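Top line first, the protein sequences correspond to chains A and B.
All residue numbers in the first sequence are consecutive under this note's numbering, ending with 333.
All residue numbers in the second sequence are consecutive under this note's numbering, ending with 283.
In case anyone wonders, no lab produced these hints; they're calculated from the structure.
The structure displayed is predicted, hence computed values, not measured ones.
Watch out, some of these pointers could steer you wrong.
Straight-line alpha carbon distances no greater than 20 Å define the calculated EDC-like cross-link-like pairs of lysine to aspartate or glutamate that follow [what the hints assert, rightly or not]:
#1 Lys136(A) to Glu41(B)
#2 Lys184(B) to Asp87(A)
#3 Lys282(B) to Asp73(A)
Residue-level listing of the chains:
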Amino acid sequence: MPADSMIHAEGLTKHYGATIALGGIDLDVPAGAILGVLGPNGAGKTTAVRILTTLALPDGGHATVAGHNVVTDGAAVRRNIGATAQDATLDDMLTGRQNLIMIGRLSGLRRAEAAARSVELLEQFNLTDAGGRVLKSYSGGMRRRLDLAAGLVTRPPVIFLDEPTTGLDPTSRVRMWEVIRSLVADGVTVLLTTQYLDEADELADQIVVVDHGLIIAEGTSAELKAQVGGARLDVTLSEANSAAAGALAKFVAGEVQVSHDGRRLRAPVQSGAGLATSVVRALDNAGIVVDDVEVHQPSLDDVFFALTGHPSEEPVEEEMLTGPSAKKVKVRS
Amino acid sequence: MTTALLDAPTRVTPSRPMGIARRFSDVSSLTWRNIVHIAREPLQLSDVTIQPVLFTLLFVYVFGAGVTLGGGAHYVDFAIAGMLALNLTTSAMGTAVGLSNDLNGGIINRFRTLPMWRPAILVGRSVTDFLTAVICTFFVAVTGLLVGWRPETGILSVLGGFGVFLLFSYALSWACACLGIISKGPESAQGVGLVILFPLSIVSNALVPTAHMPAPLRVFANWNPVSAVTAAARTLFGNPNPSAIVQAWPMQHPVAASLLWSIAIIAFFAPLATFLYRRRTKE
Chain A
1 MPADSMIHAE GLTKHYGATI ALGGIDLDVP AGAILGVLGP NGAGKTTAVR ILTTLALPDG
61 GHATVAGHNV VTDGAAVRRN IGATAQDATL DDMLTGRQNL IMIGRLSGLR RAEAAARSVE
121 LLEQFNLTDA GGRVLKSYSG GMRRRLDLAA GLVTRPPVIF LDEPTTGLDP TSRVRMWEVI
181 RSLVADGVTV LLTTQYLDEA DELADQIVVV DHGLIIAEGT SAELKAQVGG ARLDVTLSEA
241 NSAAAGALAK FVAGEVQVSH DGRRLRAPVQ SGAGLATSVV RALDNAGIVV DDVEVHQPSL
301 DDVFFALTGH PSEEPVEEEM LTGPSAKKVK VRS
Chain B
1 MTTALLDAPT RVTPSRPMGI ARRFSDVSSL TWRNIVHIAR EPLQLSDVTI QPVLFTLLFV
61 YVFGAGVTLG GGAHYVDFAI AGMLALNLTT SAMGTAVGLS NDLNGGIINR FRTLPMWRPA
121 ILVGRSVTDF LTAVICTFFV AVTGLLVGWR PETGILSVLG GFGVFLLFSY ALSWACACLG
181 IISKGPESAQ GVGLVILFPL SIVSNALVPT AHMPAPLRVF ANWNPVSAVT AAARTLFGNP
241 NPSAIVQAWP MQHPVAASLL WSIAIIAFFA PLATFLYRRR TKE
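Just chain B, with the same shape it has in the complex (with noise of 0.2 Å):
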């Protein structure tokens, strides 16, 4: 093995300069990357799995028997929308634990030392929590649609539904990387995650409606992103959206105002997380 440790007669020399076919193929390896470990340890996907399956099947015999609605609506034509919020929103701190496991081991200090594109270990982290964020949405709906839940719109205006959800985690897992990264460990990060995460999706319209909350509440959940989400998926599913009678901007124009959202979301955190992340790694 001494010998012949490097005999090939030329190099081989990284082809293929920094263009976007190159940054896209960076960002697929770490994705891939990130895939291979999911699949060795796939009880990490319990939250998007699982948990969703879970969740609808608690919120909708045990709540849905307790709720009613106006107009004869079903409950769980109402729930699922609430259900993907839930999930959807929770889940995305998958980003925030998996930047932050990288960032504190090892295997950082061999990317910093290769010829990539850097902001492909943010990039490829997103991406792999937006694939996740997927399989969750694919289970809430399945797990909706055999409980009963109907959606009364065409097949365009239902995946426009789901698609509002999607853009929407995949916006709140730019702001969990930022989380990951200034977070000083794995623990930490899904800790404090935990605590904006949860009230930012239970303190919206998800679960149940707005109007009795106490005023400060109120106000909090008719402009919380969450709740915009949530409407917007309502209407888009032609379910039952209590929010339409409320008097608020975002309510109004629920579809509109989850986009608005989501965008700035995206424009605020990945910048910051791009710069965060340079200041974690410099030294």
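Just chain A, with the same shape it has in the complex (with noise of 0.2 Å):
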């Protein structure tokens, strides 16, 4: 294990029942960095984050958070770490300060301490005019803000995320996405899941991407995209023309892929100076009239496509919990 390594697991294995939550993992984060877990619903990120967490055991496998043992030494493990899970864990009946306080008591502070860490936090997110209301009348982005700010009470060196911006409008998100990187900056560690490629590919050092309990890539944002190789050429017609591809051929890094109705081509390339304007002009010169060129940068929907064969949005969940055995399969994501 790496002396700096403030999150550290090898072979991470968990099945609930018969279904493979977690097929062996490893992770490595060093102190003061972000790791962004990658994967679609069901993937096993949230396992992860449960064992890391000592919510769950692992069922094989060895895994340290802030240098102790997730297993043998969870205490230790629990006075080092913030985590904010994906379904509400405050208490709905109580103010968003009194949350703030109970929670800074059971984490061993004061009443004094608790009281004046709670006032800092809620000035710190923006909530201090609501900290006096009952948790319940809060919209989901305050409700998100004051869980993340829950995790933080007693300064913990190591923060766990659990899709902490699903279901957020995108102000509240990019608001989110402020705070955890100022998290960064103030030297703590922090992992943390998404389903959402941009939201990796914001915040997160390195990336894992998790599929089906099994990390299927690893690396900076620029690496995963470089696995994927260059850019994309898009091209709408204005109708079906079988020299369209032809024409493109001196310019793209492959094959080219034709729509159903002709209309579409689809093709690698290596993006280069003036690439739309060359394709533009052999395709005129060819008579073919072209409604739409598009050049892409790879993004991270690209780079989980090509590593797992299916979208990143495929709605397992869904699939699952609708199937006959809806109430036998548990499905954690």
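Combine the two chains into a complex, taking the hints into account.
Okay, structure coming up:
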């Protein structure tokens, strides 16, 4: 284990009944870094977080958080972490302030310390005005912010954020991102799970891509994009033209795919200066009328598709929950 | 808000080690939380405020009108200990419902990631239940006094009578904790709890003398802990206690029997609740 590793896992496995949630994953997050764990619903992200935050025991493997073994020294792990789960983990009947004070007290702060810290956190998360209101009246974004604040009461060195922006509107998301960035700026180590590729791209130093309980790729955002290769060209014609694919041949770095109606063409390309202009000119010279030309830099969506063969938004959970054995299958994302 | 998020130079390290004081503080934090819940929805308390007043009035004026006790005793003097038994036994269900709510909600995941004393979740619940039992006792006693109940012994003895009831109610809350932990949700906890606790409080000497019950019920009633506690309270209140002539050990030694029952129930169900809680939250 590297000396400065704040989160370290080797070969973690976990199954729930017949469902394999984790098939053996390795993680390593150095102090002050932010690791993005990216994957669709049911990939095993939440299971990994539950094990690392001592909520669940692994079936196999080994993990330490802040140097403490999550199985044999759970109490020490809990003194060093803040956790924000997907489901509401605060008390609806208490006010925002009361929630923070209760959590502070249960974390071992004295009454005065807990009260002072709640004031600080409410202010830092723009919740001062709402602090005296019962949580039931909070919006989704406010709730998430308070949930995150609740994980920071004792200023733990390691924070786990399980899908911190799922279900938030775009403004609240961007605000949450700012908060998370500022945590890392202060030296906190963060493990963040997300289904959103742009979120991982935006926040994480390192990304691991998880699918069906296994890590299928890891690296920086740039490294992952490089695995998929270069850019992609999308051309839309006014009407189908069998000569179009041939006219594109000299620009593309692979096969040209043509849609069923023959109007849309897609191909991998090496992007270069004036590529779009050259493409339009070549097609025009061949007498082909072009509606639209786009050169896409690869997104993490493309990475995911290239790695897994299915899009990241595959509704695994919904499918399983509406199936005949919905009651028995416990899906954990 | 983004630049100054963690501006303080040092971490607020939890400064208090996990000693007795820390455990006490965790229990009181969770008890405080439960009390805030009650304060937000005071109707939650109807089973220890409105219900005991209503039951006491109904029993004293409806049943009391038709029941005659030997020796010219007043029915109300017989009834009050029975009312305490009925109300305190059924209100112990609060622990089952409250725990079930906690365990089926997301907040348990938060508690379990905090560096807290874990049994505080159970102990805090039982302490809350004890406090509501005190309220219940108060309402029954005051209603009783208003409708003519008169203890015939000294203040210490009367307080002792309340004490055996409160201890028993606290013991029952640990049994109900087990029910709350194994139940699927607060509704089923309440349903199952009622099916167990209601017969337990009725098939006893609480509301009627046991002498004329069919044999199996009579034996059950004479050994029922509710009967022992009720008989103990009647003795300590100096109120009529028809069970005094029953030749069963608990009825001959009601105070000792009620204390033994309460201690035995705690000794059995508190560890069981802790075990069931661990099993339930183990993943």
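Cross-check of the supplied hints:
For the given pair, Lys136(A) sits about 13 Å from Glu41(B) by alpha-carbon distance, which is consistent with the 20 Å threshold. Distance check on the hinted pair: Lys184(B) and Asp87(A) sit about 18 Å apart at the alpha-carbon level, within 20 Å; holds. The hinted pair formed by Lys282(B) and Asp73(A) meets the criterion: a straight-line CA distance of about 15 Å does not exceed 20 Å.
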